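Student: As they're listed, the protein sequences go chains A and B.
In this text, residue positions in the first sequence follow my numbering: the first is 1, and each later residue adds one.
In this text, residue positions in the second sequence follow my numbering: the first is 431, and each later residue adds one.
A portion of the hints provided could be inaccurate.
One-sided and incomplete, this derived list gives chain A residues near chain B with beta-carbon spacing under 8 angstroms [claimed, not checked]: (1) Cys175; (2) Tyr254; (3) Pro292; (4) Ser412; (5) Ile416.
Which stretches of chain B does chain A cover? Using the computed rule of at least three CB atoms under 8 angstroms from a CB of chain A, they are [unchecked claim]: (6) 450 to 459; (7) 525 to 532; (8) 603 to 609; (9) 617 to 625.
Some but not every residue of chain A turned toward chain B, in silico, with C-beta under 10 angstroms [said to hold, decoys possible]: (10) His94; (11) Ala258; (12) Ser277; (13) Tyr289; (14) Glu295; (15) Ser301; (16) His353; (17) Thr354; (18) Arg405; (19) Arg408; (20) Phe413.
Hints were generated in silico from the structure; no laboratory data involved.
Small disclaimer: the values here were computed from a predicted structure and weren't measured.
Yeah, the Cβ is synthetic: ideal placement off N, Cα and C, and Gly gets one too.
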Amino acid sequence: MSSTGAATNGRPTGTRPSELVRFATAGSVDDGKSTLIGRLLFDTKSILEDQLEHVERTSLQRGDGYVNLALLTDGLRAEREQGITIDVAYRYFHTPRRKFIIADTPGHPQYTRNMVTGASTADLALILIDARKGVVEQSRRHAFIASLLRIPHLVVCVNKMDLVDFDPEVFEHICSDFSGWAAKLEVSDVTFIPISALHGDNVVERSDRMGWYDGPSLLYHLEHVHVASDRNLVDARFPVQWVVRPMSDDHHDYRGYAGEVASGVFRVGDEVVVLPSGIETRIAGIDTYEGPLEEAFPPLSVTLRLEDDIDVSRGDMISRPHNRPIEARDVEAMVCWMSERPLQPSGRYRIKHTTRTVLAKADELRYRIDVNTLHRHEGADGLALNEIGRLRLRLSSPLFLDEYRRNRATGSFILIDESTNDTVGAGMVL
Amino acid sequence: MSIAVRPRMLRGDQMSYEIPHLRALESEAIHVIREVAAEVERGVLLFSGGKDSAVVLHLARKAFWPAALPFPVMHVDTGHNFPEVIAYRDRMVADLDARLIVASVQESIDNGRVVEENGPRSSRNRLQSVTLLDAIEKHGFRAAFGGARRDEERARAKERILSFRDDFGQWDPKRQRPELWNLYNGFVKPGEHVRVFPLSNWTELDVWQYVREERIELPSIYFAHRREVFRRDGMLYATSEFVELIDGEEPFEESVRFRTVGDMSCTGAVRSTAATLEEVVAEIAVTRITERGETRADDRISEAAMEDRKKEGYF
Numbered sequence: 001m002s003s004t005g006a007a008t009n010g011r012p013t014g015t016r017p018s019e020l021v022r023f024a025t026a027g028s029v030d031d032g033k034s035t036l037i038g039r040l041l042f043d044t045k046s047i048l049e050d051q052l053e054h055v056e057r058t059s060l061q062r063g064d065g066y067v068n069l070a071l072l073t074d075g076l077r078a079e080r081e082q083g084i085t086i087d088v089a090y091r092y093f094h095t096p097r098r099k100f101i102i103a104d105t106p107g108h109p110q111y112t113r114n115m116v117t118g119a120s121t122a123d124l125a126l127i128l129i130d131a132r133k134g135v136v137e138q139s140r141r142h143a144f145i146a147s148l149l150r151i152p153h154l155v156v157c158v159n160k161m162d163l164v165d166f167d168p169e170v171f172e173h174i175c176s177d178f179s180g181w182a183a184k185l186e187v188s189d190v191t192f193i194p195i196s197a198l199h200g201d202n203v204v205e206r207s208d209r210m211g212w213y214d215g216p217s218l219l220y221h222l223e224h225v226h227v228a229s230d231r232n233l234v235d236a237r238f239p240v241q242w243v244v245r246p247m248s249d250d251h252h253d254y255r256g257y258a259g260e261v262a263s264g265v266f267r268v269g270d271e272v273v274v275l276p277s278g279i280e281t282r283i284a285g286i287d288t289y290e291g292p293l294e295e296a297f298p299p300l301s302v303t304l305r306l307e308d309d310i311d312v313s314r315g316d317m318i319s320r321p322h323n324r325p326i327e328a329r330d331v332e333a334m335v336c337w338m339s340e341r342p343l344q345p346s347g348r349y350r351i352k353h354t355t356r357t358v359l360a361k362a363d364e365l366r367y368r369i370d371v372n373t374l375h376r377h378e379g380a381d382g383l384a385l386n387e388i389g390r391l392r393l394r395l396s397s398p399l400f401l402d403e404y405r406r407n408r409a410t411g412s413f414i415l416i417d418e419s420t421n422d423t424v425g426a427g428m429v430l
Numbered sequence: 431m432s433i434a435v436r437p438r439m440l441r442g443d444q445m446s447y448e449i450p451h452l453r454a455l456e457s458e459a460i461h462v463i464r465e466v467a468a469e470v471e472r473g474v475l476l477f478s479g480g481k482d483s484a485v486v487l488h489l490a491r492k493a494f495w496p497a498a499l500p501f502p503v504m505h506v507d508t509g510h511n512f513p514e515v516i517a518y519r520d521r522m523v524a525d526l527d528a529r530l531i532v533a534s535v536q537e538s539i540d541n542g543r544v545v546e547e548n549g550p551r552s553s554r555n556r557l558q559s560v561t562l563l564d565a566i567e568k569h570g571f572r573a574a575f576g577g578a579r580r581d582e583e584r585a586r587a588k589e590r591i592l593s594f595r596d597d598f599g600q601w602d603p604k605r606q607r608p609e610l611w612n613l614y615n616g617f618v619k620p621g622e623h624v625r626v627f628p629l630s631n632w633t634e635l636d637v638w639q640y641v642r643e644e645r646i647e648l649p650s651i652y653f654a655h656r657r658e659v660f661r662r663d664g665m666l667y668a669t670s671e672f673v674e675l676i677d678g679e680e681p682f683e684e685s686v687r688f689r690t691v692g693d694m695s696c697t698g699a700v701r702s703t704a705a706t707l708e709e710v711v712a713e714i715a716v717t718r719i720t721e722r723g724e725t726r727a728d729d730r731i732s733e734a735a736m737e738d739r740k741k742e743g744y745f
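Chain A on its own, in the form it takes in the complex (with noise of 0.2 angstroms):
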């Protein structure tokens, strides 16, 4: 029995319209994440020659007797010379069914921040688990993560099956173990499969050699798993990112509102409202380089036009009369620290939400948690480096906020230092 999809040329030929899908793995090198990544490109033919060559040479340079392709997703020079990863690095493949882009991030806890980057965008987390260690501390990190950043949909490949002899135990076992941690957590679709990354064991075929499992091989999987109902189509939201007036003489008058709707449909001569000024009017156009849609839903990047000529700016939001966001001066989140310099009480942060850059203030660290056993640590004075912890921020004028479980487009937000202007904190709305 064999999946399809892999058994053709990875590369699509043609125009057929493919669905693009976003997964975050997470893992350290010897859980063999990297011979994972590198078998899926490796089968789907998206590594190329020259690429492979490099890899053989460089295997052979170190001494590894074997093409280490874990080579292939270590891209800089430091990396190479100490056998890490320091960063998040990107991968692409397709099927004829689907684009994939990887997030493949470094597992370690001092990685923290580099997870939680690759899975803010993610469709999917990918948590490997080495069938003769079970669930480690490690796992139940990256499930916490996955959670709290929302992955709608989780993938647990328990790994090197070869070496516990394809024993269906060991991986029921792990299977209920890792399910009695998720269900802590709130993820709502986790799939267990059973697989050899080395020897490709259901990673893109179906292996006769784990008879017993009848579920799809990890490709398979990745293929089918349903993600355009992920997004959110309820709750009409459209930060608007940019005023469009051409005062050119073909089009005099013209103004338009350009953004990227972020959640919600929106359609010709919907009524609407304009925050904060708290103006209601109706959509009289929606504008594209091609022509006018009837309607726009995410993640799409149009201009809207207004039945009414009112005051709107960057960083306004365009939403329903009847299905308004939170307009807030005060925000609840998870935030998790990015930056060696720790978070401060009392400290002054810009915050970016949507399009909209105000100042925020840690009012207060209502708790820090524990990413390996989910403790709150009451009374923390501060948050550091790659630690995650409830914080209560005042801002200096109103935000537009859903909760992030919810919408993730509009519950997110990232504090930015306002003297090294660097990105230090990445929040998700309580």
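We have chain A; now place chain B onto it with these hints.
Tutor: Below, chain B without anything else, positioned relative to chain A:
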């Protein structure tokens, strides 16, 4: 125009708003371009005449339509150009009614900012970085849009969409700003700037498919034509006044096309008879060698050639 986005009726009145991957990539790129134009003063679009910068220019036009581009277009001119590319550049800029700035490597040489390399293997490729940084400083640009993609090269796979440069124009891979969701941080101080790569998540095949769908005009050298070439280090190069032949190198005529457009001295050609967009896309879809591996001598210099040049301020 031709990439359809249409809602599909499911059972009952449930709608499934499907979106093809090229449209999703396009939308992301337009979002990035608008975001930077809105937040960072004084942007500039780096335009080499290559297919990637042609796509960025096309996306920028879409982002602000029906208004004109809110920033100028800059060509870093090595002086060693394919004449077809310069003609193309001037046509595109005129068509868009954009303002063109030409930053000249020859001027940098004449002013003593850089020293011309000598010998048959010399190239002005590396000198471009100085010309580019000088121009960014002279015009006070805080954001420079470019067409680089993460699938091109190992170091680029780790670079952010908004890539921060210090006041020496340097990229520090270990001090990159975290980039989450679609929230970009374009804050820079005087002297610093960001490079902006809207095509970060595109592959070479995505670019070609998009060029085909959107009917984007490209320089003629991307399509198969007969040209006098010579073989060096296993690659084919166009003969020109800018390249000295080494003993034993014999020019011959061949049907070729170029997969990338750079300085004539370091851009290799591939044997091809693909003369139309359809044929080129079909050829790219089955190719077994990356475009940089096949055609760019500049990336072959060392293991970390690109990483080193990027740290110096290269594109």
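Student: Does each hint hold? Answer for all of them.
Tutor: Status of each hint after checking the structure:
Taken as an interface hint, Cys175 of chain A does not check out: its beta carbon lies about 31 angstroms from the nearest beta carbon of chain B, beyond 8 angstroms. With its C-beta approaching chain B no nearer than about 6 angstroms, Tyr254 of chain A sits inside the 8 angstroms limit, and its interface hint holds. At its closest, the beta carbon of Pro292 of chain A sits 12 angstroms from a beta carbon of chain B; the interface hint therefore is violated under the 8 angstroms criterion. For Ser412 of chain A, the interface hint holds, since its Cβ comes within 8 angstroms of a Cβ in chain B; the closest pair sits about 5 angstroms apart.
Given hint, Ile416 of chain A at the interface with chain B, holds; its Cβ is 6 angstroms from that chain's nearest Cβ, closer than 8 angstroms. With 9 residues bearing a CB less than 8 angstroms from a CB of chain A, the stretch 450 to 459 of chain B meets the requirement of three and the coverage assertion stands. Residues of the stretch 525 to 532 of chain B lying with their CB closer than 8 angstroms to a CB of chain A number 0, which falls below the three-residue condition for coverage. Check on the stretch 603 to 609 of chain B: 6 of its residues sit with their Cβ under 8 angstroms from a Cβ of chain A, so the three-residue criterion for coverage holds.
For the stretch 617 to 625 of chain B, the assignment as covered by chain A holds, since 3 residues bring a beta-carbon within under 8 angstroms of that chain's beta-carbons and 3 suffice. The restraint placing His94 of chain A at the interface with chain B holds, with a minimum CB-CB distance near 7 angstroms, inside the 10 angstroms limit. Nearest Cβ of chain B to the Cβ of Ala258 of chain A: about 6 angstroms, under the 10 angstroms cut. The hint holds. The beta carbon of Ser277 of chain A is not positioned within 10 angstroms of any beta carbon in chain B (closest approach about 19 angstroms), and the interface hint is therefore violated.
A distance limit of 10 angstroms between C-beta atoms decides the matter here; for Tyr289 of chain A the minimum to chain B is near 4 angstroms, and the interface restraint holds. Satisfaction of the interface hint for Glu295 of chain A is found here, the shortest Cβ-Cβ separation to chain B being roughly 7 angstroms, below the 10 angstroms cut-off. A least Cβ separation of about 4 angstroms between Ser301 of chain A and chain B falls short of the 10 angstroms threshold, and the interface hint therefore holds. The closest approach between the C-beta of His353 of chain A and any C-beta of chain B is roughly 8 angstroms, which is under the 10 angstroms cut-off, so the hint is satisfied.
With a least beta-carbon distance of about 8 angstroms to chain B, the hint placing Thr354 of chain A at the interface is held under the 10 angstroms criterion. Given the 10 angstroms rule on beta carbons, the hint for Arg405 of chain A is violated: about 15 angstroms separates it from the nearest Cβ of chain B. The closest approach between the C-beta of Arg408 of chain A and any C-beta of chain B is roughly 7 angstroms, which is under the 10 angstroms cut-off, so the hint is satisfied. Given hint, Phe413 of chain A at the interface with chain B, holds; its Cβ is 7 angstroms from that chain's nearest Cβ, closer than 10 angstroms.
Comparing the model with each numbered hint stated earlier shows that hints 1, 3, 7, 12, 18 do not hold.
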